[in-house]
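Please work from the sequences and hints to get the whole structure.
In the order they appear, the protein sequences are chains A and B.
When you number the first sequence by our numbering, it's gap-free, plus one each residue, and the end is 922.
When you number the second sequence by our numbering, it's gap-free, plus one each residue, and the end is 1219.
Derived from the structure by calculation, the hints contain no laboratory data.
Hints should not be assumed to be uniformly reliable.
Within a straight-line C-alpha distance of at most 30 Å, the following computed DSSO-like cross-link-like pairs (lysine-lysine) qualify [stated by the list, open to error]:
1. A:Lys379 with A:Lys59
2. A:Lys245 with A:Lys99
3. A:Lys830 with A:Lys776
4. B:Lys1136 with A:Lys652
5. A:Lys722 with A:Lys755
6. B:Lys1007 with B:Lys1076
7. A:Lys652 with B:Lys1007
8. A:Lys830 with B:Lys1136
9. A:Lys152 with A:Lys360
10. A:Lys201 with A:Lys168
11. A:Lys371 with A:Lys407
12. B:Lys1136 with A:Lys834
The following residues of chain A were derived to be distant from chain B, with all beta-carbon distances above 12 Å [claimed, not checked]:
13. Leu199
14. Arg305
15. Asp414
16. Tyr433
17. Leu587
18. Tyr594
19. Lys652
20. Gly676
21. Thr866
22. Ala900
Incomplete in silico selection of chain B near chain A, CB under 10 Å [stated by the list, open to error]:
23. Val1099
24. Leu1131
25. Ile1135
26. Lys1136
27. Leu1139
28. Arg1140
29. Phe1142
30. Ser1171
31. Leu1175
32. Asp1176
Backbone N, C-alpha and C define an ideal beta-carbon position, used for all residues, glycine too.
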Amino acid sequence: MRLGSGTFAACCVVIEVLGVALFLRGFFPTPVRSSSRTEHQAEPPAPEPSAGASSNWTKLPPPLFRKVVIMLIDGLRDDFVFGSKGVKFMPYTTYLVEKGASHSFVAEAKLPTVTMPRIKALMTGSLPGFIDVVRNLNSPALLEDNVITQAKAAGKRIIFYGDETWVKLFPRHFVEYDGTTSFFVSDYTEVDDNVTRHLDKVLKRGDWDVLILHYLGLDHIGHVSGPSSPLIGHKLREMDSILMKIHTSLLSEERETLVPNLLVLCGDHGMSETGGHGASSVEELNTALILISSAFERKPGDIRRPKHVQQTDLAATLAIGLGLPIPGSSVGSLLFPTVEGRPVREQLRFLHLNAVQLSKLLQENVPSYTKEPGFEQFKMSERLHGNWIRLYLEENNSEVLFNLGAKVRRQYLDALRTLSLSLSRQVAQYDIYSMLVGTVMVLEVLALLLLSIPQALSSEAELEVPLWSPVFSLLFYLMFLVLSALHVIVCTSAESSCYFCGLSWLTAGGVMALISALLCAVGSALAKMFADGKFLSKNPAHPKARWSELDVLILLGTMGHVLSLGASSFIEEEHQTWYFLINTLCLALCHEIYRNCFLRDDCEPQQCSHVEEGFVSPAPALQDRSIRCNMLEPHRVSKGPTSLDTLRGYEKWMVLASPWVILTCCRLLRSLNQTGVQWAHRPDLGHWLTSSDHKAELSVLAALSLIVIFALVQRRCSLTSKVAMALGLLGVYCYRAAIGNVLFPWQRDSKDISKGVIEARFVHVFVLGILFTGTKDLLKSQVIAADFTIKTVGLWEIYSGLVLLAALLFRPHNLPVLVFSLFIQTIMTKFIWKPLRHDAAEITIMHYWFGQAFFYFQGNSNSIATVDVSAGFVGLDTYMEVPAMFLTAFATFAGPVLWASHLVSFLSSETSLPGGRTGTWL
Amino acid sequence: MKDTDIKRLLYTHLLCIFSIILSIFIPTFFLENFSILETYLTWLCICSVFVTAINLVLYLVVKPNASSKRSSLSYKVTRFLKRCIYFLMSCFFFHVIFVLYGAPLIELVLETFLFAIILSTFTTVPCLCLLGPNIKARLRVFSRNGVTSIWENSLQITTISSFIGTWFGASPIPLDWERPWQVSPISCTLGATFGYVAGLVISPLWIYWNRKQLTYKNN
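As structure tokens, then:
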């Protein structure tokens, strides 16, 4: 079957995407969920188990505490409370931990250690998977069963002050709330004052049951100046005094009502040594958790070390404490010390409720649940519990009853631990089979692509994909049968759930057929290549491929980058790799330019052609890759003397200066946004510009950038798009002024901050208009085949539309990134690629390198925390999933996307030039 | 192409390596608590002085291109001054390139500049000795097919290998091993030194092995 290069590449990309999707589906484990959601009417609570004589206690036990105050301090690492810092700065809390009526724990958070998943874990008791982070960029309302929803359903009145995330997660649950946004990380007093100012009033009132306070200041200090900063001490002292205030108020109230209250002090995640969070270091995982209540009696001299527990245990404990059903998808087990003071019957009842909930969750998520040791333990303890109840109701001898009770309790605790463990393990299990199938697909397509490169780039731009040859069909059917048999065997013997097995037989068969077809295609392409290779090696006229230093650099750099991804530090600091590579690339270009300029005259005929092999020492090792050589070679042969000689004086100087200009631009951009992990805390220009003192500077910079963007983009647009572009860029500035990022010269202070929806939509209209004009031109050029210029203009218009969209979505301090991107593209086009006549492969890879570097220049990193979510809300009133996802994705990947679209438009303009690059290269 | 030439080349290179080793060990007798890592700035100065001195002495003794027509004193002095200026210029040039590569602009200026000096010592000094203050000759040597003697050939190899060493010397910086030498100029300096030494070792061997194929137009 003959295919055009474009069609072939498109097919490969589609299959590749399918393979990657399948792999990701297996890699991201499905979260453990209970099927019953909160919308369903809650089923009646499990009655006490009984043997013989039936117990009449079928209702939920009454709440243990009248009021619950949850004081959540963002980033409260365990040693801030239990370590030397706690002793020094939190004297009251330390007193409570050491001598007061309290239970203290070190609660271990699970990944990802980011606030929103942590809040979910605390309130639902479930383990949000990584995919939740992607799915919930805007944290829409929490639909899973959770403590807050249960409390609301039970008629509890909940008040919340603090981080806005809670209000988004629980939009209609609080009778009173005041959310503070954590958008401005550099502010660490106001965010907390906003919470504390309500405190006195609320504590005096008695009309609430649950009070939740979320303090953000500590985390902000960590982000700004790290965990060893002196500011941390001040903040901890402030938190300690707030805790004291709440505790004394609760105690004085208890004196009147005589019912105990509960005060929970906890952190959502820890803080790494650099002050960030999100990863899995011990400092980030371990948080402090202290439960304070007068119900927790304590004899003097009773020293309790903080025990290690899971963060998810809090949800179950809170539910029991408030007399609510335990959230359905909670994997936590009750923190037993909290109910230790209750009568034995109640203790056992609580444990039973928790065990029933966990075993139900296990039944829903593990097919072979009866084989689980936790489930067996649970069944056994339930039986024992029944016996105990019978003895109890018969009012048997208290000694026997007590001993049996202790035994049942121990059994239950063991069962809970095992159940909880096996459920958590379920979350961390990969679906190996799906991952394997995805990987095989991707690798096969990759091999096919690599093997087809020389053919696809040859003069016909067509290639033979051997799909219908007879030998092939036999092999194909064999492969297909074997794979199907394998599939049946794997799926019938699989114990855990597997996505790929869950697909219908037809789909799975299709995938198997695809895999075997690809394998056969790769095989025959290999065979063909070997046959051709023999033929070529006999042909003496075939000249040996020659590699310029630039080719070697590009190849080695790309491969070196891929290899560097084997080390996690290089992934964290990937931006350094790219900056390093593009700098080297610029220097290599510089070398090439200077040699071409100065040595043109005295370039002698080649006498000593062997020396070059030493110079390009890595080349011989690579020369067996004849594919590449073949690909690069035709152009080298056709490459005449470079057109540097024909340049006039001014242009020659520009050519000589251009690498240095590009290098300077890159250096400036590099200091604009510090990213990565190790050096992320270093001061950079971006922070300086965004601080509120430098608004005037930022405004000037933004305005200048927009003007330069217009100047750089407009030169190849049609008149309509020029006007649209100008108006659009004006709209961008108006939008930024409306949301208060920049100032108009006549505006002294930004009083009225709106969401800027109208301005943003104004720009959106122009973006769509320009894109539409560009598409129209492209379609026209398809119809009128002869006219190449229309196609070029159309592509350039699409490119400029994307530039306008990027200008709208970038934060104002990032606009210089866009300017420099356009500037470097212009310089490279005019003074480097055109005069030096690089071939399409080199230009493509250079575009790729620069695109990657610009991804990091924007301030992105490989951590999800650097994704600028606010871009998803530009021009939208409310959250709409599809446009928000699209806008966020575009704003994040603007660098690579812009460079890629520039590549397309550049290559097409080169083809259309009469006497330019030959079209076979595209 | 004579074997004696290669032998001379080998000896000079061994002397250069010896000078670097000396620069590590001699200062321990005179200076207290001297070590490469802790007082590496001192080591940088000493090493660069040693290598420069050895290069100058060797140049005067061996005279690889003894074709000076005029030898008046003033001519020699101007040539020498010119070389000094070129050396300084190359130091600043390297400094600028390091900053472009991401070295901090204001902090660590001294460290970065000393690094520039040592790299110039490894690359520019032999160049100036051999080719004189002549940019065109340099561009010729560092392009394909431009070398005209084994001296130039070895110069090409050592220079490129010191550059490559420097380049790779920067790669361990982002790794989280938390070693003292993983700081910005130190690892690059060490990389440059290793590259230079490797180049010194490799070039005579390489020339020896390829002596049959190598034909220089001036020989």
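Now the hints, each set against the structure:
no.: 1; hint: A:Lys379 with A:Lys59; result: holds (21 Å)
no.: 2; hint: A:Lys245 with A:Lys99; result: holds (18 Å)
no.: 3; hint: A:Lys830 with A:Lys776; result: holds (27 Å)
no.: 4; hint: B:Lys1136 with A:Lys652; result: holds (18 Å)
no.: 5; hint: A:Lys722 with A:Lys755; result: holds (27 Å)
no.: 6; hint: B:Lys1007 with B:Lys1076; result: holds (29 Å)
no.: 7; hint: A:Lys652 with B:Lys1007; result: violated (45 Å)
no.: 8; hint: A:Lys830 with B:Lys1136; result: holds (26 Å)
no.: 9; hint: A:Lys152 with A:Lys360; result: holds (24 Å)
no.: 10; hint: A:Lys201 with A:Lys168; result: holds (24 Å)
no.: 11; hint: A:Lys371 with A:Lys407; result: holds (23 Å)
no.: 12; hint: B:Lys1136 with A:Lys834; result: holds (25 Å)
no.: 13; hint: Leu199; result: holds (42 Å)
no.: 14; hint: Arg305; result: holds (31 Å)
no.: 15; hint: Asp414; result: holds (40 Å)
no.: 16; hint: Tyr433; result: holds (34 Å)
no.: 17; hint: Leu587; result: violated (7 Å)
no.: 18; hint: Tyr594; result: violated (6 Å)
no.: 19; hint: Lys652; result: holds (16 Å)
no.: 20; hint: Gly676; result: violated (8 Å)
no.: 21; hint: Thr866; result: holds (17 Å)
no.: 22; hint: Ala900; result: holds (25 Å)
no.: 23; hint: Val1099; result: holds (7 Å)
no.: 24; hint: Leu1131; result: violated (15 Å)
no.: 25; hint: Ile1135; result: holds (8 Å)
no.: 26; hint: Lys1136; result: holds (6 Å)
no.: 27; hint: Leu1139; result: holds (5 Å)
no.: 28; hint: Arg1140; result: holds (7 Å)
no.: 29; hint: Phe1142; result: holds (8 Å)
no.: 30; hint: Ser1171; result: holds (8 Å)
no.: 31; hint: Leu1175; result: holds (5 Å)
no.: 32; hint: Asp1176; result: holds (5 Å)
In this structure, the hints that do not hold are numbers 7, 17, 18, 20, 24, in rising order.
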